[in-house]
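Model the full structure from these sequences, guided by the hints.
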Amino acid sequence: MAENLFIIIAALVIASAFWVVFSPNLIHSAVSLIFTLFSTAGLYIFLYADFIAATQVVIYVGGILVLIIFGVMLTNSIDTPSIAASSKNQFIGGMGALTIFVIQVAVIFNTPWHIGTEQSRDSTVASIGNLLLNEYLLPFEIISILLLAALMGAALLSRRT
Amino acid sequence: MYQDFLPIIIFIVLAAVLIGVPLGLQHLLSPRKNKGGDKLISYECGELPEGSAWVKFNIRFYVIALVFLIFDVEIVFLFPWAVVFQDLGLLAFIEAFIFVLILLVGYVYVWAKGDLDWVKMNVRYGKGRYANLQSKGETS
Amino acid sequence: MSNLSSLSFYIPELIIIIAILLVIVLDVIPVCKKYTFPLSLGAILLASVFLWQSYGESHGLFMGMISIDPFSHFFKMIFLLSTFSIILISRYEKQLDSNYSAEYNALLLIVLLGMFLMSSSINLIMIYLSIELVSIPSYILAGMLKNDKESNEASLKYVIFGSFASGLMLFGLSILYGITGSTDIGVVTAALQAIEYPLSIYFPLILILVGFGYKISMVPFHFWTPDVYEGAPTPITAFLSVAPKAAGFAILIRVFYTMFTLEGSVSATLPLTNINWPTLIAVASAVTMTLGNLLAVQQEDVKRLLAYSTISHVGFMLMAFAIISPDAVRAIMLYLFIYLFMNLSAFYMAIFASNKLNAHHINDWDGLSRKNPVLCAFMALTLISLTGLPPTAGFVGKFYIFAELFKHQQFYWLAVVAILNSVVSLYYYFKIIKSMYLVDVEGEVNKIEAHPVVNWSIILFSAQNILFFIYWEPLIGFIEKSINLWSG
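Here the protein sequences line up with chains A, B and C, keeping their order. With the working numbering applied, the first sequence corresponds to residues 1 to 161, in that order. With the working numbering applied, the second sequence corresponds to residues 1 to 140, in that order. With the working numbering applied, the third sequence corresponds to residues 1 to 488, in that order.
By construction, these hints were calculated from the structure, which means they are not laboratory data. One or more hints might be untrue.
[Stated by the list, open to error] Simulated restraints, written as ranges between beta carbons of each label pair:
no., chain 1, residue 1, chain 2, residue 2, range
1, A, Phe46, B, Gln26, 31 to 37 Å
2, C, Ala415, A, Ile52, 48 to 54 Å
3, B, Leu29, A, Gly96, 48 to 54 Å
4, B, Phe11, A, Gly71, 27 to 33 Å
5, B, Asn58, C, Val28, 22 to 28 Å
6, A, Trp19, C, Asp327, 51 to 57 Å
7, B, Leu29, A, Thr99, 48 to 54 Å
8, A, Ile52, C, Pro326, 40 to 46 Å
9, C, Ser267, A, Thr99, 34 to 40 Å
10, C, Tyr55, B, Gly114, 42 to 48 Å
Ideal Cβ placement from N, Cα and C applies to all residues, glycine included.
So, in structure tokens, the structure goes:
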């Protein structure tokens with residue numbers, strides 16, 4: 001049962017990602033990106049990473065995608081958007097993507113991935129909190145400065161004067 | 001743990017069904033002919049619409065969404081802290097306090113520079129006792 | 001070392017963080033806005049004082065996140081010096097809007113903090129975070145001239161390319177995490193020795209090289225450099241051409257010489273078995289040098305010419321990077337230090353010319369030697385040093401890099417390419433000298449004085465070219481003592 005669900009969710013990710021890239025309408029691309037990000041959150045749940053799934057939905061769909069849609073709606077020629085590459089670039093791009101795909105598949109199947117100890121299947125929020133405040137404290141504090149820089153920059157660049 | 005997420009799956013399936021079934025039904029039950037023409041004009045209380053429906057809206061929506069996103073990320077980082085900080089003592093409290101403080105400085109900056117004002121006015125009165133009245137900011 | 005006890009070794013960074021917060025707070029209070037400039041300069045001076053006091057110690061801080069060691073100390077001095085100089089000279093640059101001077105200084109201090117962390121990171125998460133901390137304020141700083149279309153375009157191109165490169169680098173870092181199960185560089189190093197399938201190390205290596213190569217504008221990740229350097233305000237161009245490149249080299253050396261070598265430390269001499277990344281770097285270095293020089297030859301705009309010449313200098317340093325040895329590290333660090341002075345003084349001269357004369361093309365520099373002979377003499381000295389001719393410090397730097405190639409008897413073909421490229425660079429550097437000295441300007445010639453800060457910055461930085469030609473031995477000794485990375 002879980003396997004079938006996984007196949008459905010993975011197919012949804014790939015199909016909506018495909019539609020993001022190849023759709024001729026810009027708004028359709030933005031909306032299918034919503035499906036991609038939601039399905040990726042579903043994939044995280046299969047990895048028992050519930051906090052990351054919730055974070056994905058809250059930040060990516062609730063924040064970044066809203067910004068993307070706002071940005072798309074701010075463009076000028078919203079009635080007739082058309083973003084198709086010329087046919088010469090599409091062939092070379094496709095070849096490049098295929099090469100990278102083959103390399104990645106080879107890496108994924110031949111690398112001795114690290115097999116860790118069996119983790120408990122509880123909610124991960126508490127363990128992330130513990131890590132964030134003990135081992136990974138410096139990244140935690142530096143992230144606040146990064147957010148401060150982003151906030152200042154966004155306010156600065158979008159000011160009228 | 002998968003059982004905890006079963007309500008979400010049911011929710012999504014139900015939402016898809018609640019949208020899909022009426023649309024499918026109306027496709028099956030609607031008349032085949034006489035579609036289109038005047039029936040496809042968007043309804044605006046009887047008036048004929050003129051111009052395109054896509055209006056370029058003000059950039060203040062984008063700025064507010066941007067500021068919201070940054071504080072959203074801050075909140076996401078405060079969630080795990082909120083779950084565990086009582087067991088970790090005063091040090092964890094101070095660490096999160098520093099985190100919030102740095103972002104509070106950013107908030108003060110954005111507030112004081114007027115980026116959060118929804119309406120930016122520069123009203124000048126003519127003569128009379130309000131002649132010297134001026135509010136800050138620029139016209140928008 | 002635990003978090004609380006790490007704080008006492010973390011003082012320079014803490015000073016910078018407090019300075020960032022204070023600059024922003026003081027900017028908001030209208031009465032105190034004029035104190036932001038002396039505050040930023042004072043914070044940098046204070047941080048460098050504390051940094052000098054703690055030289056020589058070697059610790060891993062914050063539970064293995066960063067390491068304070070003489071290697072990072074050397075690079076931090078480069079960052080502090082360049083940031084101090086850029087903040088000082090930005091005040092007297094006409095293009096920048098003085099309303100935003102406090103945000104400008106705060107963003108430069110954030111980049112400084114990011115570069116500090118870049119030179120000390122020993123954890124995969126910290127590597128990514130510090131690179132982002134350097135990149136994001138740089139995107140904003142490149143777009144600081146809000147009414148200039150080129151500045152907006154520069155910022156936009158920088159953001160798009162930079163995010164893409166960072167994303168690829170993150171993918172490579174995550175593959176490394178997947179192979180080893182830990183984000184610590186020491187654990188990754190130990191685990192990588194045991195991997196037999198070469199592609200599973202090549203793939204993350206190339207992806208990480210994308211991210212780092214973007215920062216140092218290595219070919220083929222250099223496409224952002226000319227547009228960003230041309231559009232950004234000139235002090236930011238000067239800053240971007242020196243400090244993040246030094247930080248990029250610091251993190252390249254630290255990551256590649258520990259993770260992807262057989263011995264797993266900076267005194268290694270061999271790459272991992274079957275992973276021949278030095279050849280890859282050598283080829284990239286040759287292409288970088290050649291491309292930078294060939295494209296600089298065609299330039300008429302001074303800023304763009306200096307930007308392309310930056311790319312060729314990076315190619316030069318990559319030549320020494322392809323040889324894995326502590327001497328190569330020494331040669332790169334020496335070259336970075338000398339390159340700081342050369343490049344900054346060249347860009348400050350461009351600032352002077354664009355401020356006073358509105359001169360952007362080389363033709364606008366005609367007859368500059370009669371308008372201000374002193375500064376032109378020092379600019380000529382800088383250009384000779386950039387080419388690498390004796391008796392300047394640039395010659396010393398290039399000499400050490402060539403010596404590495406010949407001492408280790410590898411990549412002789414690279415030396416030939418490098419010498420040819422130096423000859424080509426002679427042409428475009430001397431185009432500027434020719435325009436300054438040999439082209440006559442009709443009509444009356446007024447003397448043009450530079451602002452004292454700009455004047456003395458150019459003179460002092462350019463004089464280092466002669467100074468380090470005479471006194472390079474103490475510098476080399478200091479660098480050799482500094483090649484001491486904390487491990488374990």
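Taking the hints in turn, this is what the structure says about them:
{"no.": "1", "hint": "A:Phe46 x B:Gln26: 31 to 37 Å", "result": "36 Å, holds"}
{"no.": "2", "hint": "C:Ala415 x A:Ile52: 48 to 54 Å", "result": "50 Å, holds"}
{"no.": "3", "hint": "B:Leu29 x A:Gly96: 48 to 54 Å", "result": "49 Å, holds"}
{"no.": "4", "hint": "B:Phe11 x A:Gly71: 27 to 33 Å", "result": "29 Å, holds"}
{"no.": "5", "hint": "B:Asn58 x C:Val28: 22 to 28 Å", "result": "25 Å, holds"}
{"no.": "6", "hint": "A:Trp19 x C:Asp327: 51 to 57 Å", "result": "55 Å, holds"}
{"no.": "7", "hint": "B:Leu29 x A:Thr99: 48 to 54 Å", "result": "51 Å, holds"}
{"no.": "8", "hint": "A:Ile52 x C:Pro326: 40 to 46 Å", "result": "42 Å, holds"}
{"no.": "9", "hint": "C:Ser267 x A:Thr99: 34 to 40 Å", "result": "37 Å, holds"}
{"no.": "10", "hint": "C:Tyr55 x B:Gly114: 42 to 48 Å", "result": "45 Å, holds"}
In summary, the structure agrees with every hint in the numbered list given earlier.
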